[in-house]
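S.K.: Chain residues, written in single-letter form:
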Amino acid sequence: MANYSGTVKTVKGGYHARILLVKTLVYIVCIFLTILSIAPFVIMVFNASKSRFEIQQGNLEWWPELENRTLVSLLPSKSFIANGKYLLTSKALNLPFARGFLNSFIIAAGATILSVYFSALTAYGFAVYRFKLNKLLYGFIMMIQMVPTQVTVISFVEMMNKWGLTNSYLPFILPSIAAPSTVFFLRQYMQSALSIEMVEAGRIDGSSEFGIFNRLVLPILKPGMATMAIFAMVTNWNNYLLPTLLIDKLEMSTIPMLVGKLNGNKYSTEYGAVYWGLTLTAFPLIVFYLVLSKYIIAGVALGGVKE
Amino acid sequence: MASTTKKRANLEKNYFGYIFIAPFFLTYLIFQVVPLIDTFRYALTDAKAWYMDPNQAYNFVGLDQFKFVVNDRFFKDAFFTTPVMWIMGFIPQLGIALLLAAWFTNEKIRVKGQGFFKVVFYMPNIMTAATIGVLFLAFIRSNGFIHSFCVAIGYIEDARYPITSEWFGRGIVAFINFWMWYGQTMIVLTAGILGINPSFFEAASIDGASGFQTFGRITLPLIRPIMTYSLVTSLIGGFQMFDVPNMLATGDSHAAFGPKISTIVMYIKSIAYSGTFSVGRACAASVILFAVTAVVSLFLFWIMRDKDAAKAAKAAKKRAKEQAALEGGNI
Numbered sequence: 001m002a003n004y005s006g007t008v009k010t011v012k013g014g015y016h017a018r019i020l021l022v023k024t025l026v027y028i029v030c031i032f033l034t035i036l037s038i039a040p041f042v043i044m045v046f047n048a049s050k051s052r053f054e055i056q057q058g059n060l061e062w063w064p065e066l067e068n069r070t071l072v073s074l075l076p077s078k079s080f081i082a083n084g085k086y087l088l089t090s091k092a093l094n095l096p097f098a099r100g101f102l103n104s105f106i107i108a109a110g111a112t113i114l115s116v117y118f119s120a121l122t123a124y125g126f127a128v129y130r131f132k133l134n135k136l137l138y139g140f141i142m143m144i145q146m147v148p149t150q151v152t153v154i155s156f157v158e159m160m161n162k163w164g165l166t167n168s169y170l171p172f173i174l175p176s177i178a179a180p181s182t183v184f185f186l187r188q189y190m191q192s193a194l195s196i197e198m199v200e201a202g203r204i205d206g207s208s209e210f211g212i213f214n215r216l217v218l219p220i221l222k223p224g225m226a227t228m229a230i231f232a233m234v235t236n237w238n239n240y241l242l243p244t245l246l247i248d249k250l251e252m253s254t255i256p257m258l259v260g261k262l263n264g265n266k267y268s269t270e271y272g273a274v275y276w277g278l279t280l281t282a283f284p285l286i287v288f289y290l291v292l293s294k295y296i297i298a299g300v301a302l303g304g305v306k307e
Numbered sequence: 308m309a310s311t312t313k314k315r316a317n318l319e320k321n322y323f324g325y326i327f328i329a330p331f332f333l334t335y336l337i338f339q340v341v342p343l344i345d346t347f348r349y350a351l352t353d354a355k356a357w358y359m360d361p362n363q364a365y366n367f368v369g370l371d372q373f374k375f376v377v378n379d380r381f382f383k384d385a386f387f388t389t390p391v392m393w394i395m396g397f398i399p400q401l402g403i404a405l406l407l408a409a410w411f412t413n414e415k416i417r418v419k420g421q422g423f424f425k426v427v428f429y430m431p432n433i434m435t436a437a438t439i440g441v442l443f444l445a446f447i448r449s450n451g452f453i454h455s456f457c458v459a460i461g462y463i464e465d466a467r468y469p470i471t472s473e474w475f476g477r478g479i480v481a482f483i484n485f486w487m488w489y490g491q492t493m494i495v496l497t498a499g500i501l502g503i504n505p506s507f508f509e510a511a512s513i514d515g516a517s518g519f520q521t522f523g524r525i526t527l528p529l530i531r532p533i534m535t536y537s538l539v540t541s542l543i544g545g546f547q548m549f550d551v552p553n554m555l556a557t558g559d560s561h562a563a564f565g566p567k568i569s570t571i572v573m574y575i576k577s578i579a580y581s582g583t584f585s586v587g588r589a590c591a592a593s594v595i596l597f598a599v600t601a602v603v604s605l606f607l608f609w610i611m612r613d614k615d616a617a618k619a620a621k622a623a624k625k626r627a628k629e630q631a632a633l634e635g636g637n638i
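First to last, the protein sequences are chains U and X. 290 is the number that my numbering gives to position 290 of the first sequence; each next residue is one higher, with no gaps. To convert, take the position in the second sequence, counting from 1, and add 307; that gives my numbering.
This is chain X alone, in the form it adopts within the complex (with noise of 0.2 Å):
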């Protein structure tokens, strides 16, 4: 009787659950979702920026803004520029980290000043980006840290003469990210290893694996769901780069293949608040972003799934439904 007094005091207090996640709900639909709708709407119209057009006398033209898009020279650039960016630093970024995971969870090496390594190695990440993208425009720029490295390894013949490559301004974008994220994904996989059932080890090591085998065979498929997550965010960051190309790219006429580093960001900016203040071309190429990134992270958690779990949850629900069913049957 008490029992269900209180699950009835329970019952009627659950209404308070929506009153709880309202704010929520209420701000992500006015900031976030009433926004994303627009940009779709938006992205089918000749929509100016609302200061160059108060009225927003804006008409509807279809795939017009797309098709713009699409064959934009600069949108073009900046849709190969930035994923190529993103994969030149991820590849050592992962690689790096997963090196040093390995290394610091590893009991017979044990690595001794791991705390001070970890606070280290993530310390460029606290770092405000535009900051670190104006520090390394300076070290690139003539006699700066970078341009004199050059100079001296002969890269550059002159003193005089500023950096000019495209390659060497997209390496140092996937070199700036490299720098910024190597720790934080290092921290998590460090994380994940040392998450793993100690038993698995013990039975690897009583089976005679070795470091190499271990790693392979035990590490690494168990690490895999953090991996995935950390290759999944960075490329979801990746596509959304801005700030370091921003200011690599901008403001300073030595850094000579500033247009050559442009990402898809920046160019939605630029067209949307410079030029034609095309606010329906921005959208466009936003709708794009949206559905590639989209796109891409999907097709990477496809990729990246544990095809051996995927079938044994499909065979546990399937159990558990059987069960159900018989359960059901029985009342």
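Excised from the complex, chain U in its bound form (with noise of 0.2 Å):
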């Protein structure tokens, strides 16, 4: 019986090892990508707070042939506020960063709310009504999800222009009221979370069809609408293709648009000024994102999100 327990003991002993070395192992790469993940984010905030000349000196000056250099210059600097001072105030830069906020807000919101609304009444449709084309145009709905859409920026742009709907926000915001991926989840999601008991007490009680989906329904889909509004909140604010080709005029610009406009030549010499726009751009969106983090992670998991 002793001899017994001690053999189990010794190969729990290698086994114990082994995990032991796996597991070290796990989170060495856990933590190396944690580095490479926020690092590039860190560099960018350090740099804001640099002036043009230590920025030219180089980001990696402790390497030793470079004597006289110092150990500190991935570290922050002193002219953070110099920098934002630069780019907001500057005539050279003029870039309108307070509109661009409220240009991608509107934008953003906008087609948010018209998105989730509508792919919920779309969603909702399916799956309470027996019609004839039910399963055909849901099928047409699944697969639509895969066109890949930059096929018709083109055509879509001309279509714009045509209309005379440049240097306006609709054909970003109406366009929402048909988002293929969004319908698919809030379908799913209604599978677990809407019985038809309920639908049918709406009736009973004299409602009218869309009064049970706004008053009855909407309120229960809340969760599953929070979730992909997140989402189509931030793909709209990243949106950058289509308004550059839509907007022409400086203070319709949205902030990807901003940014790209940071790229420009005329600018490049000002390097703590270029940082400190983009951790500007880059903040609102990293906030956003640590507070929403627990269902931003959840709603990837579920696997309703597509870009």
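Hints were generated in silico from the structure; no laboratory data involved. All C-beta atoms in this analysis are idealised placements derived from N, C-alpha and C, irrespective of residue type, glycine included. Treat the hints loosely; a few may be bogus.
Derived lysine-lysine pairs resembling DSS-like cross-links, with alpha carbons at most 27 Å apart [said to hold, decoys possible]:
| # | chain 1 | residue 1 | chain 2 | residue 2 |
| --- | --- | --- | --- | --- |
| 1 | X | Lys320 | U | Lys132 |
| 2 | X | Lys625 | U | Lys135 |
| 3 | X | Lys614 | U | Lys135 |
| 4 | U | Lys132 | X | Lys628 |
| 5 | U | Lys23 | X | Lys419 |
| 6 | U | Lys132 | X | Lys624 |
| 7 | U | Lys294 | X | Lys419 |
| 8 | U | Lys132 | X | Lys625 |
| 9 | X | Lys355 | U | Lys294 |
| 10 | X | Lys355 | U | Lys132 |
| 11 | U | Lys162 | X | Lys320 |
| 12 | U | Lys249 | U | Lys85 |
| 13 | U | Lys222 | X | Lys320 |
| 14 | X | Lys415 | U | Lys23 |
| 15 | U | Lys135 | X | Lys415 |
| 16 | X | Lys618 | U | Lys135 |
| 17 | X | Lys624 | U | Lys135 |
| 18 | U | Lys135 | X | Lys628 |
| 19 | X | Lys621 | U | Lys135 |
| 20 | U | Lys261 | X | Lys419 |
For each label pair, taking beta carbons as the anchor points, the in silico distance ranges come out as [claimed, not checked]:
| # | chain 1 | residue 1 | chain 2 | residue 2 | range |
| --- | --- | --- | --- | --- | --- |
| 21 | U | Tyr27 | X | Val599 | 14 to 22 Å |
| 22 | U | Arg215 | X | Val377 | 55 to 63 Å |
| 23 | X | Pro532 | U | Met198 | 31 to 39 Å |
| 24 | U | Thr149 | X | Ala466 | 41 to 49 Å |
| 25 | U | Leu290 | X | Pro505 | 48 to 56 Å |
| 26 | U | Ile19 | X | Glu464 | 46 to 54 Å |
Hints are included, so try docking the two chains, each in its own frame, into the full complex.
M.R.: Here's what the structure looks like:
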């Protein structure tokens, strides 16, 4: 008996050693990837606090060959406020970031509200009513999730030009009524969250079909809709290609467009200001992400997200 | 009696379904279907951008625009570069994601801080691609972080020289794609593995399967549909790559590899809205992009299909049909 337990222990000991080894490897890889994921943002913020001269000195100046340079170059410096002032007030740059945030918010909020409400409406139509083309049309929605959106970009822009919708936000907001992947997600969500009995109870109470949807169903769908709203918000906020083709007024520019303008030659010597601008545009998203990360990760895991 | 009345009432309400789904389909028709048809139509004409030719006096030219596009050096370059950059990013993306997913779902390892790691690994995905592009361009140009690093390791002889290698540029784009997406793929695959019926793993463990055997024989085959989905959506996104390479290729003279990282969508944009303003050619290139994406996606679905399951489904369908025929005969 004693012998038996002894062998078990040695086997277990080797096993534990192996697990420990694997565990160590796992944490090393995870910590490395953590640094990899965060480092570019950290360097961005630190560089936003450096003067033009300091940035031109380079980022890795502790290298032995470069004797007279200091070790602190990766660390932040003192020009954060000066760079910010330059970016926001300099006549040479003249990029309206405050307006940009407002513009991006108008587009993202408008598109999000439309896409979430109408996707819920569409998903509900498929979930509750047994009409003839139900399966066929739902299959169509599944299929068009796969259509590459950029294929129609040029014709879309041409159409908007013809309609006189240049320098307007409608071309970015209105098409959001048709968001196939959001419909798909909410249709899945309804299968667990919604019961037909509830809809029938509403009918017996004499509510209209739209009344049932708006007053009974929407509140139940809130968690699923919130998840989709987060992703719609981010996707529309980050949209870059279409706005650059349809907006040419500086004061109507969105944040990604202003970021694109930071890229121009005119400002490329003021690196500190460029990093400051990038930090400025990244900051709201980082805060948004950290506050909502629980829901975002859960939403990604549900697989309803496609970009 | 009561039940039939109820049924009839439901049937009468069923036309509401069309009303509920109408806004979606109307919007899709106007903003997606019409432009898609236009794309195919313009591709056969010599149409110019609207603000160059508001009267839209264009002519039918047959397949001339396609001939021009497929012989255009810039299109050929873009058509080579885009999938290459996608593959260079996707292979490590899927590899790392699979590895992390296997670790995070392993009962024996029990990785602590998974929630934290997931949040951190996914973070780059939420950021504006335009911001990421400009940030990495700032790192690449002279005395930026990556440039300094290249000088330090001797990849670049003199700090005054810019990085000019086109493969370096492609590598950076691929790295950014990997960096923005591996967290997303990892979370999706982890969820997929957690969704597998635990009794499969129990059975494997009772049969004395090793960790690798369990992963290769049980986990991988069962998450194949999710992997296929990740693969195909990533491919579709990859073929449409624009924001990051556009930022890296334009705006700053220090990125000397600029034109060599041009993608298909960058080509489409530039040919429609600069130079000859040829919407016809841009649409021909768009049609090619559409066709290639569709063909490659279907090919991937076909390769990744579960052959046994497909056979079983076919057999089940056949049985159901026979059953139905039998029942029909009875009635």
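S.K.: Could you run down the list of hints and mark each one as holding or not?
M.R.: Okay, the hints, checked on the actual structure:
| no. | hint | result |
| --- | --- | --- |
| 1 | Lys320/X with Lys132/U | holds, 13 Å |
| 2 | Lys625/X with Lys135/U | holds, 21 Å |
| 3 | Lys614/X with Lys135/U | holds, 26 Å |
| 4 | Lys132/U with Lys628/X | holds, 21 Å |
| 5 | Lys23/U with Lys419/X | holds, 10 Å |
| 6 | Lys132/U with Lys624/X | holds, 22 Å |
| 7 | Lys294/U with Lys419/X | holds, 17 Å |
| 8 | Lys132/U with Lys625/X | holds, 24 Å |
| 9 | Lys355/X with Lys294/U | violated, 48 Å |
| 10 | Lys355/X with Lys132/U | violated, 43 Å |
| 11 | Lys162/U with Lys320/X | violated, 40 Å |
| 12 | Lys249/U with Lys85/U | holds, 23 Å |
| 13 | Lys222/U with Lys320/X | holds, 25 Å |
| 14 | Lys415/X with Lys23/U | holds, 9 Å |
| 15 | Lys135/U with Lys415/X | violated, 44 Å |
| 16 | Lys618/X with Lys135/U | holds, 24 Å |
| 17 | Lys624/X with Lys135/U | holds, 18 Å |
| 18 | Lys135/U with Lys628/X | holds, 19 Å |
| 19 | Lys621/X with Lys135/U | holds, 20 Å |
| 20 | Lys261/U with Lys419/X | violated, 43 Å |
| 21 | Tyr27/U with Val599/X: 14 to 22 Å | violated, 42 Å |
| 22 | Arg215/U with Val377/X: 55 to 63 Å | holds, 57 Å |
| 23 | Pro532/X with Met198/U: 31 to 39 Å | holds, 32 Å |
| 24 | Thr149/U with Ala466/X: 41 to 49 Å | holds, 42 Å |
| 25 | Leu290/U with Pro505/X: 48 to 56 Å | violated, 33 Å |
| 26 | Ile19/U with Glu464/X: 46 to 54 Å | holds, 47 Å |
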